[in-house]
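J.: In case you want the letters, here they are:
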Amino acid sequence: MKSLLSWRAPALSLMVFLLMIGIWHALTLPKVMPVTAESEYAALVGTAAATGQKSAFPSPADVGAKIMQHLGEPFYDRGPNDKGIGIQLAYSIARVMLGYLLAALVAIPVGFLIGMSPTVYRALDPYIQVLKPISPLAWMPLALFTLKDSSISAIFVIFICSLWPMLINTAFGVSSVRKEWLNVARTLEVGNMRTAFRVILPAAAPTIMTGMRISISIAWLVIVAAEMLVGGTGIGYFVWNEWNNLSITNIITAILAIGMVGMLLDLMMAKLTKLVTFPE
Amino acid sequence: MSAFKDPFDAGTSLTRGCSCGHHHSEAEHQADLAVHSSDSEALSNRVVEAAVMRALFPHDATRRRFLNAVGASTAMAAISSLFPLGMAKEAFAQSTGPLEKSSIKVGFIPITCATPIIMSQPMGFYGRQGLNVDVVKTAGWAVIRDKTLNKEYDAAHMLSPMPIAISLGVGSSPIPYTVPAIENINGQAITLSIKHKDKRDPKSWKGFKFAVPFDYSMHNYLLRYYLAEHGLDPDRDVQIRSVPPPEMVANLRADNIDGFLAPDPVNQRAVYDGVGFIHTLTKDLWPGHPCCAFAASKEFVTRMPNTYRALLKAIMEATAFAAKPENRKQIAEAIAPANYLNQPVTVIEQVLTGTYADGLGNVKKDANRIDFDPFPWHSFAIWIMSQMKRWGQIKGDVDYAKVAREVFLATDAAKLMKEVGMKPPTTTSKKFSVMGKEFDPAKPDAYIASFAIKRT
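Those protein sequences? They're chains H and A, same order as listed. Start counting the first sequence at 152; every next residue gets the next number (the working numbering). Start counting the second sequence at 286; every next residue gets the next number (the working numbering).
Chain H extracted, bound-state conformation (with noise of 0.2 angstroms):
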């Protein structure tokens, strides 16, 4: 029975991947159309406006061919505008990796004061339920005009869509440590930094850790939406460029490595977490 579990699913998993591309292949299909254009004018004009029709959406075969030709070269750079794949997705996931630490700096320490006074928590709970919902990107006009650097509005704004689920788990995970561990922990007259760190933070910190894992992806999120703004470098960037010359390949090549490098940083905090978690 596990056996055949073991084979099927992938298997299956690749049939859905036949499907999808098959579907697409079909659908992008180019359609024999008589040319209707004088050949200077054809010269001059994309192939499919010289049949007069619109340009086509690219078929697999196409962005298989984009995605070869960026692995085969990640890492080129042709000035400040024109880096290679791998580059720009190196420069996000820095920018995110900053923002993102600096975000745990901050959102831990705070979160786990917050938690262990239920005064605090409650005094600052209106505040942290206004400024969670708010989409990180609205920060980024003020982010410009107050820091006065798009890099940094960048990371800033990387900072600001990662605090808020840290935080709150952080609070949420402490508060709810158990009374009993507690009231242990007191009978045994052990003291307030030795209760933190060795009774509320390792109960907590599956909490925490959850916390952190929604934030990276947040995060990942973002960043591409941000660089999409502020333009420059990162992912984000290469896919404003590539919509600027309507190269649907290089999106959709893009938009895979997004999705490939989202994967992993998810499947890194998974893994992490699995280190914290204990059977209770």
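Calculated cross-link-like contacts (lysine-lysine; reagent style DSSO-like; alpha-carbon spacing at most 30 angstroms):
| # | chain 1 | residue 1 | chain 2 | residue 2 |
| --- | --- | --- | --- | --- |
| 1 | A | K649 | A | K480 |
| 2 | A | K491 | H | K205 |
| 3 | A | K649 | A | K568 |
| 4 | A | K484 | H | K205 |
| 5 | A | K436 | H | K299 |
| 6 | A | K650 | A | K482 |
| 7 | A | K649 | A | K494 |
| 8 | A | K488 | H | K205 |
| 9 | H | K205 | A | K649 |
Residues from chain A shown here face chain H by an in silico Cβ test under 8 angstroms; the list is partial:
| # | residue |
| --- | --- |
| 10 | P395 |
| 11 | D431 |
| 12 | Y625 |
No wet-lab data here; the hints were simulated from the structure. Even for Gly, the Cβ is constructed at its ideal location relative to N, Cα and C.
Fit chain A to the given chain H structure using the hints.
T.: Same frame as chain H, but now just chain A:
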């Protein structure tokens, strides 16, 4: 641009005005001359020669008689013995002081209006001035404004109304801004979706959705002007939205908009992808209208005069180079790659050479589809402000002439144009007509009042 002329040619005149008499206007004369002159180093040499000849022969007729009598080569040898031409040429090339900053960043939007700013990088015009310039592609006009105000960019490509709006504090906090050079003239078009190919009469455009690049753009003012002249109220009868140029073709394709008045290569790209057709070029509304500007903050201009001068000189040289039709193919190849405009070469080439597919199956030829003339006419600025006022973007009294003088740096431009061998006009204001209606820069308020459709 008469300084481009060979001063050792008895047939040319070095005095001001279109002295050859073959052209209707100075602009045409200049365009013709640009065709005949060679590259910019030769140009700069020629400027020196011209200056020396002008000094020696203040009367043009005397120079011509002298040249006719002895011949050009003899004259050159004779003058060289009197005056060390070689040294003068060298001294001119090194006449700038030390640069305050040699590594600078200039922002641009990927459209052909930015041609002089972009091409100066791959074609070495910046390098020749000792500048190491990074030209940075930027996502939109608001971002380029903010990044320039932030000083992330030392100078930038802007729409020519933007520095005026920034200086007046319309749509941002007021910061003194300047336009030391206009980047391009003409070069825009009204493109409509291919499904409207039978609706060529603007009167049938009621209910259309149009896109322009920015609220403070020549595109917005020209489209509004065009619609209003055809009896459509641009605020009530149609919808005009601001859409960044790169997103326009995608929106036209998705039927979100019916057309746009946009900078190239957006228009040509819509044709290339079979999505739209070029209804009219803006040069047919107002021949020689300005579009984009090379802009810098007043602070940069005053705090780093040598860097500013070197940068402007590179732009001027590039503009002079781009003004020559025979150089346009080479420029198209230099600016088409992903690092700059990121477009197929043929699209850029059609825009720059003016031999283009119109989207309806015709190949059209119009050598002036886009042209390059850096002089920031004060009258351009006054016209822009008249339209800002007409459409309610600015309220109350405006000191048109003062703002024009402070933002459009005609004097600096004239000085540098002379240095790189172009001939700037002697006045800073001129009358021109837009769609057959004359504009007098001395009476902007009367001009605004004369329109039936306005928001004042």
